[in-house]
Amino acid sequence: RKEVEQDPGPFNVPEGATVAFNCTYSNSASQSFFWYRQDCRKEPKLLMSVYSSGNEDGRFTAQLNRASQYISLLIRDSKLSDSATYLCVVNIGSGGSYIPTFGRGTSLIVHP
Amino acid sequence: DAMVIQNPRYQVTQFGKPVTLSCSQTLNHNVMYWYQQKSSQAPKLLFHYYDKDFNNEADTPDNFQSRRPNTSFCFLDIRSPGLGDAAMYLCATSRTQGAFTDTQYFGPGTRLTVL
Numbered sequence: 001r002k003e004v005e006q007d008p009g010p011f012n013v014p015e016g017a018t019v020a021f022n023c024t025y026s027n028s029a030s031q032s033f034f035w036y037r038q039d040c041r042k043e044p045k046l047l048m049s050v051y052s053s054g055n056e057d058g059r060f061t062a063q064l065n066r067a068s069q070y071i072s073l074l075i076r077d078s079k080l081s082d083s084a085t086y087l088c089v090v091n092i093g094s095g096g097s098y099i100p101t102f103g104r105g106t107s108l109i110v111h112p
Numbered sequence: 001d002a003m004v005i006q007n008p009r010y011q012v013t014q015f016g017k018p019v020t021l022s023c024s025q026t027l028n029h030n031v032m033y034w035y036q037q038k039s040s041q042a043p044k045l046l047f048h049y050y051d052k053d054f055n056n057e058a059d060t061p062d063n064f065q066s067r068r069p070n071t072s073f074c075f076l077d078i079r080s081p082g083l084g085d086a087a088m089y090l091c092a093t094s095r096t097q098g099a100f101t102d103t104q105y106f107g108p109g110t111r112l113t114v115l
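These protein sequence lines map, in sequence, to chains A and B.
The C-terminal position of the first sequence is numbered 112 in our numbering, with every residue numbered one higher than the one before it.
The C-terminal position of the second sequence is numbered 115 in our numbering, with every residue numbered one higher than the one before it.
Careful, some of the hints might be misleading.
To be verified - Label-pair ranges, simulated between beta-carbon atoms:
(1) B:D77 x A:A20: 19 to 29 Å
(2) A:D7 x B:G16: 14 to 24 Å
(3) A:G16 x B:T113: 19 to 29 Å
(4) A:P14 x B:N7: 39 to 49 Å
Stated by the list, open to error - Straight line, CA to CA, 16 Å or less: simulated EDC-like cross-link-like pairs of lysine to aspartate or glutamate:
(5) A:K42 x A:E3
(6) B:K38 x A:D39
(7) A:K45 x B:D59
(8) A:K45 x A:D77
(9) B:K44 x A:D82
(10) B:K44 x B:D85
(11) B:K38 x B:D51
(12) A:K79 x A:E15
(13) A:K42 x A:E5
(14) A:K2 x B:D59
(15) B:K17 x B:E57
(16) B:K17 x B:D102
(17) A:K45 x A:D82
(18) B:K38 x B:D102
(19) B:K44 x A:E15
Derived by calculation from the structure, the hints in this document are not laboratory data.
Beta carbons: idealized from backbone N, C-alpha and C, even for Gly.
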């Protein structure tokens, strides 16, 4: 089982739609979780950290479910500019340190 | 202002010809990371430094080496690039490393082409 798994998609949605992505992780001791956005041929950029209580930033909501070991990202009122790949990052324990480990990303395409 | 800078942005090299990629940061972060990302794949961690402590991932080929002469700079050396090493190489920094690792800040990446 991969340490961090995401459905690669693509998720193809119309403008204004609500879309949700999940990311599962294997290490129950993981403490830090992030969502990054990556545009084609660009570097990943932090979208939001994921807190235990869940957090919201405008149209974006992130949730953590420790019992089932997954994090989610909800995008409301999708914009064309939301088209990108969304990467989840989980800190995975390894030999006493914690390594930020990426999922392969979920591709989102928002069309008019 | 750019906080993590990578040079060059694009690098073309010949099969077997050594190449060095550079990364510098103005954030004074303790941790620097090198990732390799191939098309439609997750960034794959090659190694990282916590200050001067070097940490190599178990599956990073010996062909890849790194140097961190000071806090601000980190280099990735590919001793004998093969066609399979063509990828985007991403440098990232974070203030700390632990269970509650701070946000990583990424440079723009260097796209390596091997002919």
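Checked hints:
1. B:D77 x A:A20: 19 to 29 Å: violated, 42 Å
2. A:D7 x B:G16: 14 to 24 Å: violated, 39 Å
3. A:G16 x B:T113: 19 to 29 Å: violated, 40 Å
4. A:P14 x B:N7: 39 to 49 Å: holds, 41 Å
5. A:K42 x A:E3: violated, 24 Å
6. B:K38 x A:D39: Holds, at roughly 14 Å.
7. A:K45 x B:D59: Judged against 16 Å, a Cα distance of about 26 Å means the pair is violated.
8. A:K45 x A:D77: violated, 21 Å
9. B:K44 x A:D82: Answer violated: K44 of chain B to D82 of chain A is near 24 Å, above 16 Å.
10. B:K44 x B:D85: Holds, at about 12 Å.
11. B:K38 x B:D51: violated, 27 Å
12. A:K79 x A:E15: holds, 5 Å
13. A:K42 x A:E5: violated, 21 Å
14. A:K2 x B:D59: Between K2 of chain A and D59 of chain B the Cα gap is close to 15 Å, so the pair holds against 16 Å.
15. B:K17 x B:E57: Outside the cut-off at roughly 24 Å; violated.
16. B:K17 x B:D102: The hint is violated at about 36 Å.
17. A:K45 x A:D82: The hint holds at about 13 Å.
18. B:K38 x B:D102: violated, 25 Å
19. B:K44 x A:E15: Given that 16 Å is the threshold and the Cα spacing comes to 32 Å, the pair is violated.
Hints 1, 2, 3, 5, 7, 8, 9, 11, 13, 15, 16, 18 and 19 from the earlier list are contradicted by this structure; the remaining hints agree with it.
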